[in-house]
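Visitor: Each chain, letter by letter, is given below.
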Amino acid sequence: MVMEIDREIKEDLMQCWSYAPQNERYAFERLLNHILDEPQSRLNHLTIGSFRRIINLNESDLNNEKLLKIALYLVNKPQLLEVGYELIEDDEAWPLEISDVTEARKTGWLAHPDDGHPVYNYQERVTLYFAQSQYLIKLKKGFR
Amino acid sequence: MSTLNLSDIERLKNHPDTKSALIQYEYNVLGLEESYSSFVERINSEIDNIIQKLEAASNYYQTACEDSLTYYICSCLQQRSINAEHGSYSNGETDLKVSYGSYKWIAEAKWFRQYENAYEGMRQLVTRYISGRGSSNHGAVILYNKTSNSAEKIKTLQNNYSEMGAEFKNIQVTAVVPGSFEFTTTHTHSSGENIVVRHRLVLLHHNPEDKSGRKSKIDEK
Chain A
1 MVMEIDREIK
11 EDLMQCWSYA
21 PQNERYAFER
31 LLNHILDEPQ
41 SRLNHLTIGS
51 FRRIINLNES
61 DLNNEKLLKI
71 ALYLVNKPQL
81 LEVGYELIED
91 DEAWPLEISD
101 VTEARKTGWL
111 AHPDDGHPVY
121 NYQERVTLYF
131 AQSQYLIKLK
141 KGFR
Chain B
1001 MSTLNLSDIE
1011 RLKNHPDTKS
1021 ALIQYEYNVL
1031 GLEESYSSFV
1041 ERINSEIDNI
1051 IQKLEAASNY
1061 YQTACEDSLT
1071 YYICSCLQQR
1081 SINAEHGSYS
1091 NGETDLKVSY
1101 GSYKWIAEAK
1111 WFRQYENAYE
1121 GMRQLVTRYI
1131 SGRGSSNHGA
1141 VILYNKTSNS
1151 AEKIKTLQNN
1161 YSEMGAEFKN
1171 IQVTAVVPGS
1181 FEFTTTHTHS
1191 SGENIVVRHR
1201 LVLLHHNPED
1211 KSGRKSKIDE
1221 K
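Residue numbers (this note's numbering), protein chains in the order written: chain A, 1 to 144; chain B, 1001 to 1221.
Simulated from the structure, these hints should not be mistaken for laboratory data.
Given the structure is predicted, the values throughout are model-derived calculations rather than measurements.
Check before you lean on any hint, since a few could be wrong.
What the hints assert, rightly or not - Computed beta-carbon distance windows for the label pairs:
#1 A/Y135 x B/E1010: 38 to 46 Å
#2 A/I98 x B/S1038: 56 to 64 Å
#3 A/W109 x B/V1173: 24 to 32 Å
#4 A/I137 x B/N1014: 28 to 36 Å
#5 A/G49 x B/E1010: 16 to 24 Å
Claimed, not checked - Some chain B residues judged to face chain A by a derived CB distance under 10 Å, without partners named:
#6 M1001
#7 S1007
#8 H1015
#9 T1018
#10 E1026
#11 G1031
#12 S1035
#13 Y1036
#14 S1037
#15 S1038
#16 I1082
#17 M1164
Claimed, not checked - Chain A is faced by these chain B residues, among others (derived, beta-carbon under 10 Å):
#18 D1008
#19 Q1024
#20 Y1025
#21 N1028
#22 V1173
#23 V1176
#24 G1179
#25 L1203
#26 H1205
Glycine included, C-beta positions come from ideal geometry on N, C-alpha and C.
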């Protein structure tokens, strides 16, 4: 049953990438297999750097923009991944809520999660990462 | 770029590979919506990029059916996180429907064998699929053309449309980009609203005269 569901999800999603260039199709399949097969504990903080290690392709084989396009597809369409934000300050990472980032986009300033003071040059200091989505967690719990 | 910050994201919103995926993400998660005109401009630009790839590999599509060509365009849009559907219902089975929140953009695709194919595509699009609402009053007729006289065909099509006011009320050819094999028309829809239709040729003519080209044509057959 578990294998059957995995196979159906993969086939369905791979169909959309059937016309993609070979390197993109390969990278998509590697990422999809990884997030479906890896334990939850290893899917909590994924970056473009982690994706590149997973797909094992150089930038000359697949550039970062195309890699990001694939990762965002997994966020937007099947919603297997979601995006998180954190403020990086002196090697310390402060987790941010989506609403903090939305508010900063609207007002042009970000309140520090610790003391509420405006964060100088926040656009350079807030980084984005990917993580398994609640949907993926449910999918794995339900079918495994 | 092993990690991405918000400045990187802003920059990547102008990159052709990531633009639509980021805009769709911002809509889904951050609730930030682009205007209908920006949406239409973005979809037209994405379609152009995909069509250029199709045209660059025209030798592979000589025997392709209309549906498989449109499916190719649809898949490429989906890979960019765009909500594109092939064959979904909107008062009939649409060839290509793109949605973004309440916004819609619909295209009808035809093999351009005779001018009537183009007019029939236009009729289907504007009398059946496009509602005329402000957030869905743009669409396209995509014409796959295998013959060598594309420039002449697009010019004739423009001229003919500008004289079809009896069928398409107040029709005007509003935008012609020389050498681009496309033009835009506006006319008054039955709803009373203005409809904007982009007519876009896809150049699939393939007739190589060199030795290896002739051989590969025979092999393809």
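Visitor: All the hints need checking, so say for each whether the structure fits it.
Guide: For each hint, the structure was consulted:
1. A/Y135 x B/E1010: 38 to 46 Å: violated (28 Å)
2. A/I98 x B/S1038: 56 to 64 Å: violated (23 Å)
3. A/W109 x B/V1173: 24 to 32 Å: violated (48 Å)
4. A/I137 x B/N1014: 28 to 36 Å: holds (34 Å)
5. A/G49 x B/E1010: 16 to 24 Å: Check passed, 20 Å falls within 16 to 24 Å.
6. M1001: Holds, about 5 Å.
7. S1007: Check passed: Cβ of B/S1007 comes within 4 Å of chain A, closer than 10 Å.
8. H1015: Status holds, d = 5 Å.
9. T1018: Given a least distance of 5 Å, the restraint on B/T1018 holds.
10. E1026: Since the shortest Cβ distance to chain A is 8 Å, the answer is holds.
11. G1031: Check passed: Cβ of B/G1031 comes within 7 Å of chain A, closer than 10 Å.
12. S1035: violated (16 Å)
13. Y1036: At 20 Å from the nearest chain A Cβ, B/Y1036 fails the 10 Å test, so the hint is violated.
14. S1037: Violated - the Cβ of B/S1037 stays beyond 10 Å from chain A, reaching only about 21 Å at its closest.
15. S1038: violated (16 Å)
16. I1082: holds (9 Å)
17. M1164: Given a least distance of 35 Å, the restraint on B/M1164 is violated.
18. D1008: Check passed: Cβ of B/D1008 comes within 8 Å of chain A, closer than 10 Å.
19. Q1024: holds (5 Å)
20. Y1025: holds (6 Å)
21. N1028: Holds, about 6 Å.
22. V1173: violated (33 Å)
23. V1176: violated (31 Å)
24. G1179: With Cβ-Cβ at 27 Å, over 10 Å, it is violated.
25. L1203: The hint is violated - B/L1203 has no Cβ within 10 Å of chain A, the shortest such distance being about 19 Å.
26. H1205: The hint is violated - B/H1205 has no Cβ within 10 Å of chain A, the shortest such distance being about 21 Å.
Hint violations for this structure: numbers 1, 2, 3, 12, 13, 14, 15, 17, 22, 23, 24, 25, 26, all remaining hints satisfied.
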